[in-house]
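Participant: Following the hints, put chain B with the ligands in place on chain A, whose structure we already have.
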Amino acid sequence: MSKVIPKLFRINTGSCNGCDVEFVATAFVDKFQLDTLGIELVSDVKDANLLVITGPLSARSESFLKNALGKLKKPFVVVGIGTCSVSCGIFRDSYAINGPIDKFVEVDVNIAGCPPRPQSIAEGIAKGVKVLEQKMHGEATPKAIDTIFKDFSAPESFRGRMSLNEENCTACRTCETVCPSNAIEISSTDDGWFVHKIWHNSCCFCGNCAYFCPTDAIFATNSFDTAKLQSEKFSDVNIGYIDYQKCSCCGEMYMPPSQGLLNKSYIYNNVSKLNERICSKCRKEANFKRMYA
Amino acid sequence: MNIEEFNNAIKSKTFAGYELKEDKDSYGNASAWIILNDKKDIEAVANAVKAYKGRCIVATAYKNHSGTHTVIYHFDIEGLIINVQLETDDQSIVSITPTLPSANWAEREIREMYGVEPIGHPDKDRLFLDYSLAKGVLNEYISLSKMQLGVSETDILWENVNKEIKQ
Ligand code: SF4
Ligand code: SF4
Ligand code: SF4
Numbered sequence: 001m002s003k004v005i006p007k008l009f010r011i012n013t014g015s016c017n018g019c020d021v022e023f024v025a026t027a028f029v030d031k032f033q034l035d036t037l038g039i040e041l042v043s044d045v046k047d048a049n050l051l052v053i054t055g056p057l058s059a060r061s062e063s064f065l066k067n068a069l070g071k072l073k074k075p076f077v078v079v080g081i082g083t084c085s086v087s088c089g090i091f092r093d094s095y096a097i098n099g100p101i102d103k104f105v106e107v108d109v110n111i112a113g114c115p116p117r118p119q120s121i122a123e124g125i126a127k128g129v130k131v132l133e134q135k136m137h138g139e140a141t142p143k144a145i146d147t148i149f150k151d152f153s154a155p156e157s158f159r160g161r162m163s164l165n166e167e168n169c170t171a172c173r174t175c176e177t178v179c180p181s182n183a184i185e186i187s188s189t190d191d192g193w194f195v196h197k198i199w200h201n202s203c204c205f206c207g208n209c210a211y212f213c214p215t216d217a218i219f220a221t222n223s224f225d226t227a228k229l230q231s232e233k234f235s236d237v238n239i240g241y242i243d244y245q246k247c248s249c250c251g252e253m254y255m256p257p258s259q260g261l262l263n264k265s266y267i268y269n270n271v272s273k274l275n276e277r278i279c280s281k282c283r284k285e286a287n288f289k290r291m292y293a
Numbered sequence: 001m002n003i004e005e006f007n008n009a010i011k012s013k014t015f016a017g018y019e020l021k022e023d024k025d026s027y028g029n030a031s032a033w034i035i036l037n038d039k040k041d042i043e044a045v046a047n048a049v050k051a052y053k054g055r056c057i058v059a060t061a062y063k064n065h066s067g068t069h070t071v072i073y074h075f076d077i078e079g080l081i082i083n084v085q086l087e088t089d090d091q092s093i094v095s096i097t098p099t100l101p102s103a104n105w106a107e108r109e110i111r112e113m114y115g116v117e118p119i120g121h122p123d124k125d126r127l128f129l130d131y132s133l134a135k136g137v138l139n140e141y142i143s144l145s146k147m148q149l150g151v152s153e154t155d156i157l158w159e160n161v162n163k164e165i166k167q
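Sequence lines, in order, name chains A and B. Position one of the first sequence corresponds to residue 1 (full-length UniProt numbering), numbered consecutively onward. Position one of the second sequence corresponds to residue 1 (full-length UniProt numbering), numbered consecutively onward.
The following block holds chain A by itself, in its conformation from the complex (with noise of 0.2 angstroms):
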């Protein structure tokens, strides 16, 4: 088999330049191996093989991507760089936004991150290498890649992918509210629980949903395993489930608050575990009776 070499060429498709600083930095910067992989960037697109796209693609950009893509050799592989590339991020839905890029090319590898760490940067163009491998050979495009590189810790103060701790989660919405970026949905199902996801892909890392949730249930990882094929796009979502429970006094089904909630309301032991498992009818009952029967 004939060694492939991947000649890389970046377009900026109206990004803040963001996810171009991590790249140059990820491009440069010896620990992030990208030499390791034989890439070769190159300054004119005909000789390129790989390309890498930043931005949410802005209407006054879309002309120089679709020339761009006219000039590639073929086979080719896409790699998008950044939460705009993928879904459009905070840019959802602008007018002036014509992306995200999949509408006019055929992506292959996604990373997301607003913007992504420099490993996850790395990782995604060598899954986008192992991609160009298998097209050059003429086989299909894998569902699943190994990931290469291992570690996607960030230090202590960086947000990475957003979680949630689902005993704390009270369904309030109120993150859901105040995300800038369409990236969490609240829904309720038929049998009384609750669905909370987060599709990463939409996030942007800005934090505004841990910082207004009144339970500090969801919160930042410092992980940074962003990178993802295609057929990952959608499927890249944080499922929290959120329940109803039966009151141990009259039986009825109620949404529990958060045991956070809880202790910072009630912090005598003995009337905390007074309020444990009831609903808020009875908690009500029980507390007055304690107070004045």
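It is worth saying that the hints were derived from the structure and are not from the lab. Hints are supplied without guarantee of correctness; some may be wrong.
The list that follows gives simulated cross-link-like pairs (lysine to aspartate or glutamate, DMTMM-like), each with its CA atoms no further than 20 angstroms apart [said to hold, decoys possible]:
| hint | chain 1 | residue 1 | chain 2 | residue 2 |
| --- | --- | --- | --- | --- |
| 1 | A | Lys150 | A | Asp30 |
| 2 | B | Lys163 | A | Glu185 |
| 3 | A | Lys71 | A | Glu106 |
| 4 | B | Lys163 | A | Glu232 |
| 5 | B | Lys135 | B | Glu117 |
| 6 | A | Lys73 | A | Asp102 |
| 7 | A | Lys197 | B | Asp155 |
| 8 | A | Lys197 | B | Glu159 |
Residues on chain A that point at chain B, a partial pick, calculated with CB under 10 angstroms [stated by the list, open to error]:
| hint | residue |
| --- | --- |
| 9 | Ala96 |
| 10 | Asn98 |
| 11 | Asn182 |
| 12 | Asp236 |
Just so it is clear, CB atoms sit at the ideal spot from N, CA and C, and this is done for glycine as well.
Facilitator: This is chain B with the ligands only, laid out in the frame that chain A set:
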């Protein structure tokens, strides 16, 4: 330049009269509030501002409960701020852009955001690029969260998400 001088300059030029209030901010900067009895007198005020080499800083508008619109022009003459308020009940004002080109954008904004036509404005071009903004859009109530967050209005992408994930 002071308020008295400006008052003298417009007194004989306006024909329906006005109310004048003086004010000072916490730094001691003087400003004047002029409430016109007839909206047409804005022309006389604009001429006076021009004679003193002043400019229009900005103009603001709002719709009243009764359905009329209030428009306020903010002028600057050598650091003196003159705010001129007028009311219109037929969604039109006299454009002062031919006299003071600095009012150009502000009047076009009022035309598109509140549907109040500046009659005699030399520029008919649309100011806001987004054609989905209906004429007079700010005459309606828009909730703060929508205004601030521009919450996404379509569910196309979420529909794909919900189709793909296994619940
Ligand atoms: S994903 Fe974030 S950092 Fe990257 S271009 Fe978009 S807004 Fe900028
Ligand atoms: S961090 Fe939270 S609020 Fe911000 S975009 Fe992501 S899910 Fe939405
Ligand atoms: S994560 Fe927090 S803000 Fe969001 S629904 Fe749950 S409790 Fe409310």
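Participant: Holds or violated: A:Lys197 and B:Asp155, Cα atoms, limit 20 angstroms.
Facilitator: holds, 14 angstroms
Participant: For the hint on A:Asn182, just tell me whether its beta-carbon gets within less than 10 angstroms of chain B.
Facilitator: Holds, because the Cβ-Cβ distance from A:Asn182 to chain B comes to roughly 4 angstroms (cut-off 10 angstroms).
Participant: Under 10 angstroms, Cβ to Cβ, is where A:Asp236 needs to be relative to chain B, so tell me if that hint holds or is violated.
Facilitator: Holds. Min distance 9 angstroms.
Participant: How about A:Asn98: closest beta carbon in chain B under 10 angstroms, or not?
Facilitator: Result: violated, 14 angstroms to nearest chain B Cβ.
Participant: Decide if the proposed pair is consistent with the structure: B:Lys163 and A:Glu185, CA atoms, cutoff 20 angstroms inclusive.
Facilitator: holds, 14 angstroms
Participant: Straight-line Cα separation of A:Lys71 and A:Glu106 no greater than 20 angstroms?
Facilitator: holds, 15 angstroms
Participant: Between B:Lys163 and A:Glu232, is the straight-line Cα distance small enough, at 20 angstroms or below?
Facilitator: Status holds; Cα separation ~12 angstroms.
Participant: For the pair supplied as a hint, A:Lys73 and A:Asp102, confirm whether the alpha-carbon distance does not exceed 20 angstroms.
Facilitator: holds, 19 angstroms
Participant: Would you mind confirming whether the straight-line C-alpha gap from B:Lys135 to B:Glu117 stays at or under 20 angstroms?
Facilitator: Roughly 11 angstroms separates the two Cα atoms, so the pair holds.
Participant: Regarding the pair A:Lys197 and B:Glu159, is the alpha-carbon distance no greater than 20 angstroms?
Facilitator: holds, 13 angstroms
Participant: With the threshold set at 20 angstroms, check whether the alpha-carbon distance from A:Lys150 to A:Asp30 stays at or below it.
Facilitator: Between A:Lys150 and A:Asp30 the Cα gap is close to 16 angstroms, so the pair holds against 20 angstroms.
Participant: Tell me if A:Ala96 is really an interface residue toward chain B, meaning its C-beta lies closer than 10 angstroms to one of theirs.
Facilitator: Hint holds; A:Ala96 Cβ to chain B Cβ min 7 angstroms, cut 10 angstroms.
Of the numbered hints listed earlier, the single one contradicted by the structure is hint 10.
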